[in-house]
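My request is simple: use the sequences and hints to build the entire structure.
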Amino acid sequence: MADTSKNAFATWLMRNPIWGFIVIIFVFFSVSNEYFFDLQNFRNILVQTSTIGLIALGMTLVMINGNIDLSVGAVVALAASLAVDLQSWGVFATWGNWAILPAVATALAAGIALGALNGFIVWKTGVDAFIVTLGAMIGVRGLVFIYTREESFFASNFAYSDFGSSSVGPLPTLAVLFLVFTVVTHLLLSRTVHGRNTYAVGGNREAAVNAGIRVGPHMMINFMIVGFFAALAGVTLSSQMGAATPNLGRDYELWVITATVLGGTKLTGGAGNIIGTFGGVLAIGILRNGMNLMQVPAFYVLVILGVILIAVLFLDKQLNRRGKQELKI
Amino acid sequence: MADPRLKSIGDLLARQGILIAFAIFLVGFAVFSDRFLTPENLETVIRQAAIIGVMAIGVTVVVIGGNLDLSVGSMLSFSTVLVVDLHDKIGPELAIVVMLAATLVLGAINGFLVGVARLNSLIVTLGMLSAIQGLTLIYTGGKNVDILDQETTWFAIFGRGHILGIATPILMFLGLALFMHVVMAYTPFGRRVYAVGGNPTAAVFSGIRRSRLVFSTYLISAFTTGLAALILGSRVMGSQNNVGQGYELLVLAGVILGGTSLLGGSGNILKTVIGVLILGFIQNGLLLMGFPYYAQWLVTWVVIILAVWLDIAAKRGRLLSPIA
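Heads up: the sequence lines are chains A and B, in that order.
Residues 86 to 414 in this note's numbering are what the first sequence spells out, letter by letter.
Residues 2 to 325 in this note's numbering are what the second sequence spells out, letter by letter.
Treat the hints as calculated values from the structure; they're not laboratory data.
Cβ atoms here follow ideal geometry from the backbone N, Cα and C, with glycine treated the same way.
Worth double-checking, as some hints may not be accurate.
[To be verified] Simulated crosslink set (DSBU-like; lysine-lysine; CA at most 30 Å straight-line): (1) Lys91(A) / Lys351(A); (2) Lys402(A) / Lys209(A); (3) Lys144(B) / Lys209(A); (4) Lys90(B) / Lys144(B); (5) Lys209(A) / Lys351(A); (6) Lys316(B) / Lys351(A).
[Stated by the list, open to error] Looking from chain B toward chain A, a few residues come up when the C-beta cut is under 7 Å (computed): (7) Val125; (8) Ser131; (9) Gln134; (10) Gly135; (11) Ile139; (12) Thr141; (13) Pro189; (14) Phe190; (15) Met290; (16) Gly291; (17) Thr301; (18) Ile306; (19) Trp310; (20) Ile324.
And the structure:
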């Protein structure tokens, strides 16, 4: 009996090597740095990772679908710029703090709309999502630069940046936001028809069509979800800084994909889950935070992250090889 | 009976759509700006496109072989920083040799992981993108590098010089394109790359050593990135740590515009050249017409999707995707 449970654990760990990795770096940083094992620092890690984490939640859905979204970084910048700029518009001058509401709503709507556009193009044209969102990544970034005239915006209303540093009970608001959306997305993916369809479409698109799933609209909804999360990340990021710069979110697509893949989501679609993605996000967060505390220059994090990404991929291939059908030459 | 003429027009569009688009852009810009179609301007455009173009030639080979290379951007940063930094320390000749060797080692790592270890190329090269960017920063300690003796060094030839009256970057770009086109279209090696990209299983059963072949495609893309670093380093005579950031996607945009399928097995070096030039002409033409600098990115967005859409629409014989 004990043996089977041990086996089950070993199998689980083999399938989710990221959690083993998290335990290792957690213990390592706790032992080697006096500031790491500290409640305030854990809060910091959650806030720091919330931006990438939020986007990674949406990216997981899109990647399980067998698609990818490279435009999230540009959407972050667009949403941040809209949210900060709109609240200072003359129309809302008499609204006081309420001016933040339409600004944030517009930012989120823009993210959802761009996601819908990406999804619609993928659906109707049949062009690979990689290409569609690569185009959008370049185009939306251009839009941001034209809209902002290459300038940064600053939030004149301090209520906006207060939100970014506020707390709900013991936890920072942004961390709560991230955790709540993690749970919601997890439930969406594991307990709803839409979630089951997500796996079905990514696993075998033809079978999904034959099973009566409307694949096109389904994929479009997932693109809208990732667009929403990217925009939300832009809003939280700009409220943390009290400002928005046109270069915001650059390379985020790479970080987000890294986190998602570290969490075990397959680029080929059909496999992955939110718990894993949460692990991938945490791993990156702990690594960055811990190395930062140990005063390792940020450059080394880049190298270590790249090596870990490849190592996890390699491990996954060794441990869970579908094996036999693959050609050995 | 379908009109045979109509079919042949569709066929022509499918095969040469990119050339037609190229011609339309040229004519369009020429109409709206009288400075556009001058030899000086054309030279400027091709010169500027040369760096992305040289890299795109190597990446096209990788993509035809069925893989991606996202690491070329940070590899460009690395190689440029390395050759510029070593120029003053060990002289230009040795610096170039060391830089090319180091770049090939990075390519070999890519090639090993994708070709031999059979890992997903997108993730491997994404990891390498991050790792190489880190390496570059570690190497420089975050400082920018530059060449002190900019006036007399012969290193200037790559970015600023002329050979036989033609600007060297243009010569390198077009010469390399011609060479790789011959290699890909007329040699057994080229045919094998198409075979492996088109149907890996069939290729292996035909006796092609897939691992070795994929490995060598990554060596090629690393080598072309090294050449691009020569042009860039020599033109600027200095380098920032992140000078190549984002290049991987611009390069890929050129490759895709040229009609190379990301699925592998099809593509053409000369069309990649056209794809890269279209991006260059869009940038230049829009600027000459007085649009803001970043308008080119919006147009690029539309052009990339339109190009690929029309390409696959012509292949499947209907405009819209059959997805429900």
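Right, here's what the structure says about each hint:
1. Lys91(A) / Lys351(A): Distance ~26 Å between Lys91(A) and Lys351(A) Cα, so the pair holds.
2. Lys402(A) / Lys209(A): Violated - the C-alpha atoms of Lys209(A) and Lys402(A) are around 34 Å apart, more than 30 Å.
3. Lys144(B) / Lys209(A): 48 Å, violated
4. Lys90(B) / Lys144(B): Answer holds: Lys90(B) to Lys144(B) is near 16 Å, not above 30 Å.
5. Lys209(A) / Lys351(A): Holds. Lys209(A) to Lys351(A) sits at ~24 Å (cutoff 30 Å).
6. Lys316(B) / Lys351(A): 29 Å, holds
7. Val125: Since the shortest Cβ distance to chain A is 6 Å, the answer is holds.
8. Ser131: Constraint on Ser131(B) satisfied, holds at 4 Å.
9. Gln134: For Gln134(B), the interface hint holds, since the closest Cβ of chain A sits about 5 Å away, which is under 7 Å.
10. Gly135: Hint holds; Gly135(B) Cβ to chain A Cβ min 3 Å, cut 7 Å.
11. Ile139: 5 Å, holds
12. Thr141: At 9 Å from the nearest chain A Cβ, Thr141(B) fails the 7 Å test, so the hint is violated.
13. Pro189: Violated: closest Cβ of chain A sits about 18 Å from Pro189(B), beyond 7 Å.
14. Phe190: 18 Å, violated
15. Met290: Where the cut-off is 7 Å and the nearest Cβ of chain A is about 15 Å from Met290(B), the hint is violated.
16. Gly291: Because about 14 Å separates Gly291(B) from the closest Cβ in chain A, which is outside the 7 Å limit, the hint is violated.
17. Thr301: Hint holds; Thr301(B) Cβ to chain A Cβ min 5 Å, cut 7 Å.
18. Ile306: Holds, about 5 Å.
19. Trp310: 4 Å, holds
20. Ile324: 5 Å, holds
Of the hints listed earlier, those the structure fails to meet are numbers 2, 3, 12, 13, 14, 15, 16, in rising order.
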